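For chain Y, the structure is supplied; the task is to place chain A on it using the hints.
Number of protein chains: 2
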Amino acid sequence: MRIDEARPYVVDKLKYALNPSSIAVVGASRYPTKVGNKVVSELLKWGYQGKIYPINPRADKVLGLKAYPTLRDIHEEIDLVFIAVPAHLVTAVVQDAVAVQAKVVTIATSAFKEIGREELQNNITQYLRDHQIPLIGPNLVGMGTPYAHFNCGFIPYLPVEGPVAMISQSGANLLAALGTSQMNHFGMSFFVGLGNKADVDFSEFIEYAQNDPHTKCLSIYIEGLDSPQAFIKSCQKVTKPIVVIKVGGSKIGNKAAFAHTASENPESDDYYDQVIKEAGAIRAQTWQEFLDISLALGYMPPLKGDHVVMVTNGGGAGLLSCDHFERCGMPLHELKEISPLLESRIRAYMPMFGSPLNPVDISGTASVIQYKGAFKQVLRDPNVDGLLGAICPTAVTDVNGVAEAAIEVYESCKDLHKPFIMICQGGQECHEAIMKLRDHGIPAYPTAEQAVNAMVALRKQAIK
Amino acid sequence: MRIDEARPYVVDKLKYALNPSSIAVVGASRYPTKVGNKVVSELLKWGYQGKIYPINPRADKVLGLKAYPTLRDIHEEIDLVFIAVPAHLVTAVVQDAVAVQAKVVTIATSAFKEIGREELQNNITQYLRDHQIPLIGPNLVGMGTPYAHFNCGFIPYLPVEGPVAMISQSGANLLAALGTSQMNHFGMSFFVGLGNKADVDFSEFIEYAQNDPHTKCLSIYIEGLDSPQAFIKSCQKVTKPIVVIKVGGSKIGNKAAFAHTASENPESDDYYDQVIKEAGAIRAQTWQEFLDISLALGYMPPLKGDHVVMVTNGGGAGLLSCDHFERCGMPLHELKEISPLLESRIRAYMPMFGSPLNPVDISGTASVIQYKGAFKQVLRDPNVDGLLGAICPTAVTDVNGVAEAAIEVYESCKDLHKPFIMICQGGQECHEAIMKLRDHGIPAYPTAEQAVNAMVALRKQAIK
Numbered sequence: 058m059r060i061d062e063a064r065p066y067v068v069d070k071l072k073y074a075l076n077p078s079s080i081a082v083v084g085a086s087r088y089p090t091k092v093g094n095k096v097v098s099e100l101l102k103w104g105y106q107g108k109i110y111p112i113n114p115r116a117d118k119v120l121g122l123k124a125y126p127t128l129r130d131i132h133e134e135i136d137l138v139f140i141a142v143p144a145h146l147v148t149a150v151v152q153d154a155v156a157v158q159a160k161v162v163t164i165a166t167s168a169f170k171e172i173g174r175e176e177l178q179n180n181i182t183q184y185l186r187d188h189q190i191p192l193i194g195p196n197l198v199g200m201g202t203p204y205a206h207f208n209c210g211f212i213p214y215l216p217v218e219g220p221v222a223m224i225s226q227s228g229a230n231l232l233a234a235l236g237t238s239q240m241n242h243f244g245m246s247f248f249v250g251l252g253n254k255a256d257v258d259f260s261e262f263i264e265y266a267q268n269d270p271h272t273k274c275l276s277i278y279i280e281g282l283d284s285p286q287a288f289i290k291s292c293q294k295v296t297k298p299i300v301v302i303k304v305g306g307s308k309i310g311n312k313a314a315f316a317h318t319a320s321e322n323p324e325s326d327d328y329y330d331q332v333i334k335e336a337g338a339i340r341a342q343t344w345q346e347f348l349d350i351s352l353a354l355g356y357m358p359p360l361k362g363d364h365v366v367m368v369t370n371g372g373g374a375g376l377l378s379c380d381h382f383e384r385c386g387m388p389l390h391e392l393k394e395i396s397p398l399l400e401s402r403i404r405a406y407m408p409m410f411g412s413p414l415n416p417v418d419i420s421g422t423a424s425v426i427q428y429k430g431a432f433k434q435v436l437r438d439p440n441v442d443g444l445l446g447a448i449c450p451t452a453v454t455d456v457n458g459v460a461e462a463a464i465e466v467y468e469s470c471k472d473l474h475k476p477f478i479m480i481c482q483g484g485q486e487c488h489e490a491i492m493k494l495r496d497h498g499i500p501a502y503p504t505a506e507q508a509v510n511a512m513v514a515l516r517k518q519a520i521k
Numbered sequence: 058m059r060i061d062e063a064r065p066y067v068v069d070k071l072k073y074a075l076n077p078s079s080i081a082v083v084g085a086s087r088y089p090t091k092v093g094n095k096v097v098s099e100l101l102k103w104g105y106q107g108k109i110y111p112i113n114p115r116a117d118k119v120l121g122l123k124a125y126p127t128l129r130d131i132h133e134e135i136d137l138v139f140i141a142v143p144a145h146l147v148t149a150v151v152q153d154a155v156a157v158q159a160k161v162v163t164i165a166t167s168a169f170k171e172i173g174r175e176e177l178q179n180n181i182t183q184y185l186r187d188h189q190i191p192l193i194g195p196n197l198v199g200m201g202t203p204y205a206h207f208n209c210g211f212i213p214y215l216p217v218e219g220p221v222a223m224i225s226q227s228g229a230n231l232l233a234a235l236g237t238s239q240m241n242h243f244g245m246s247f248f249v250g251l252g253n254k255a256d257v258d259f260s261e262f263i264e265y266a267q268n269d270p271h272t273k274c275l276s277i278y279i280e281g282l283d284s285p286q287a288f289i290k291s292c293q294k295v296t297k298p299i300v301v302i303k304v305g306g307s308k309i310g311n312k313a314a315f316a317h318t319a320s321e322n323p324e325s326d327d328y329y330d331q332v333i334k335e336a337g338a339i340r341a342q343t344w345q346e347f348l349d350i351s352l353a354l355g356y357m358p359p360l361k362g363d364h365v366v367m368v369t370n371g372g373g374a375g376l377l378s379c380d381h382f383e384r385c386g387m388p389l390h391e392l393k394e395i396s397p398l399l400e401s402r403i404r405a406y407m408p409m410f411g412s413p414l415n416p417v418d419i420s421g422t423a424s425v426i427q428y429k430g431a432f433k434q435v436l437r438d439p440n441v442d443g444l445l446g447a448i449c450p451t452a453v454t455d456v457n458g459v460a461e462a463a464i465e466v467y468e469s470c471k472d473l474h475k476p477f478i479m480i481c482q483g484g485q486e487c488h489e490a491i492m493k494l495r496d497h498g499i500p501a502y503p504t505a506e507q508a509v510n511a512m513v514a515l516r517k518q519a520i521k
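For the protein sequence lines, the chains are Y and A, in the order given.
Here the working numbering is used: the first residue of the first sequence is 58, the next is one more, and so on.
Here the working numbering is used: the first residue of the second sequence is 58, the next is one more, and so on.
To be clear, the hints were calculated from the coordinates, so they are not data collected in a lab.
This one's a predicted model, so the numbers in the text were calculated from it and none came from an experiment.
Note that CB positions come from ideal geometry on N, CA and C, so glycine has one too.
Hints are not guaranteed to be accurate.
[What the hints assert, rightly or not] Pair ranges (Cβ atoms, derived): (1) Y:ASP327 - A:GLY104: 53 to 59 angstroms; (2) Y:ILE520 - A:GLY104: 51 to 57 angstroms; (3) Y:GLU218 - A:GLY173: 49 to 55 angstroms; (4) Y:ILE520 - A:GLN189: 57 to 63 angstroms; (5) A:TYR66 - Y:ALA519: 40 to 46 angstroms.
[As the list claims (entries may be wrong)] Computed list of lysine-lysine pairs in DSS-like fashion (alpha-carbon distance at most 27 angstroms, straight line): (6) A:LYS517 - Y:LYS308; (7) A:LYS517 - Y:LYS429; (8) Y:LYS108 - Y:LYS91.
Looking at chain Y on its own, in the form it has when it is part of the complex:
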């Protein structure tokens, strides 16, 4: 339901949703195939340290925890009520939640507005608003944060720790990102699936994220905005970078978005372009770009100018990159234009058949020492704004060694505040190098175009 701006009581209480001391899981089944069972088992599995109260009138225990017939039987403070019972039972549970003065209510249950039950959804929402209890959902997948070992929902993964807060209307895509997090070390501060966002809206999680110390970048997946003005206002308050992906712009997607999360998209895609621009956020088009630029904005400072130098041991990666830079409207400049001295300095770190253009091709025979020297020369040159490094695994490339050299140079040049992004295109050892680089705060990617998208986003962040 529409809001004009983020409500302070909601923003304030969201800490009970993302860092609760106690959780009641309503509909906590004893049967492992049931979603209500999964919620409790995931909480246990990832090491949640708060109290867990399974609510199940037909069980004494669920997964070894004492079960309660209703919320009213707990007689302890409840920060978060997570509801996973069929839709027709939800109203009664919500009444109990109000009665026991729960801090936040989350309704995971589907089959509300998205299948036409708007009145039921609105009644529950208004009732909770009247009691100033934030409602997250309904029709959502869950939320969590790796910093509290907290994974609450139908979610098989807890992400690795990192800078990105993901606020997603879609549960499925959130799950995809969480899976990616573990597998590719895509670091997250917290995550939440908003579902139908009957009550708590983007704007309130956006303001929460601004205050969250672990969040360095906000990544927002939107299917529809009920309260665009609140969204814009909250984004404008935020000093951290914001990346948005807005879907449902296609003719058929519009209908699908309603069926999915009851999102209404009466406005054109251009309208959303405008909203996102006014909000001061960066818009991603594909899912991969969304993830890639979020990571870069989370780890790296903005790119102050367009003097990016690329250092690669593979000409092919260099060509893919400079073509894509031009496609993105930010063509590379030749090295001699950027810094005439750099060209001669960098020659010391390449064989005679290397190329000191830009991309700087230090050739397939490049050693760790040559990489390190070239990286240092580039980053320390006062005319250079950012460095894009690329590793291609020839038979003589020490992929891990180059990754470690990149980390060393990055650490030693951190006070220069220049973006440093890496491409590691290849097999398993490149995948491992990417993970190591990410663990040390360097955005690293398996393809040239992904890295270029990331660098271009850092420039957009500087000039927006």
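Frame of chain Y; chain A shown alone:
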């Protein structure tokens, strides 16, 4: 050097480059860090069964194999001479290769035309042409095929077996693809890095690929075409799908392409668009798209019409897909437009809050049985041209089970000749599902947009 069309003696002799009975490695060093050592060690490591003759005047043995001072000392038939000695020594080796009547010569050595030594390169080329010995290179990384356990070059990977022949001017990007092959089960029939392509050109490998029984799709990475007419003619002869990525179109990339593989790009990018179109090939823009559509064209028949139905357990993946279909100029149609009966049939396989639009959202609770039923209904409907399935790992999704169901349905419907593509967006179990699906000939991808690109390419293949 320019050719007017593929030369039959070259096309015929390329079998000695990709399936040789004997190889002489000139410059085979005893020292593991040297490239000449790597060539021999990689041949041994991947199980090459032919004869290997290391050429090294200062060694009796290299990696346990008897070494020879020169090619002339071998006194056995030599199919392939692989040269990895410094540029100034190459001419003498080539003279030896002619003297011993080698079938094919490969020069891996760099520092020819790409650094200005065009005359030297041309002299060697003409000399070998006069003797009708194909020259591959110089300045290349190598070649091989998993079907002969043959990995010849500075290449740390042998790809997994599969449908894609990769003909790449760039060594670095070829290596990236080979790394991807093992890690992501991107199946290849053979691969070759052309380097400066002084003699043997794209067109000749293209015609070779047409005759190679394992090749189902040709994937060609181009930095510059010396002989565009020969390229067009050969492509037009080929009945298999061809995917092309052409780089170096950017202003700065143009210079970098010359420095990399001595490629000259006097023509505009539009010119190459025209060449690729005339050739009947499909052009990819990014590296990822290049790989993704190659795999799809290698495994799947063309898409006969644009009646694609998507079945997903995650609305988010559905929305990303339908937006991207529209972006690619091939919007999805609603299910009721495609097949009114299908809508009611498919309802049997989803909960009440699922959505029978298109994408068909069978919801996050979808079981293997529901997936299997929905897949079958879609594929068997005579009005449906292709199926896009998506798995999103909710806490109750049996990802492996759904992948196996997809394989079963695909196998049972193979005679319908309808493309079936899968999206598995998530963590490790999704990655494993992607590999299993690919191993069974189903193109599967971790993001929606990649899968959509693949489906759209299958349509382009049908209408080109």
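**Unsatisfied constraints (hint numbers, rising)** = 5, 7
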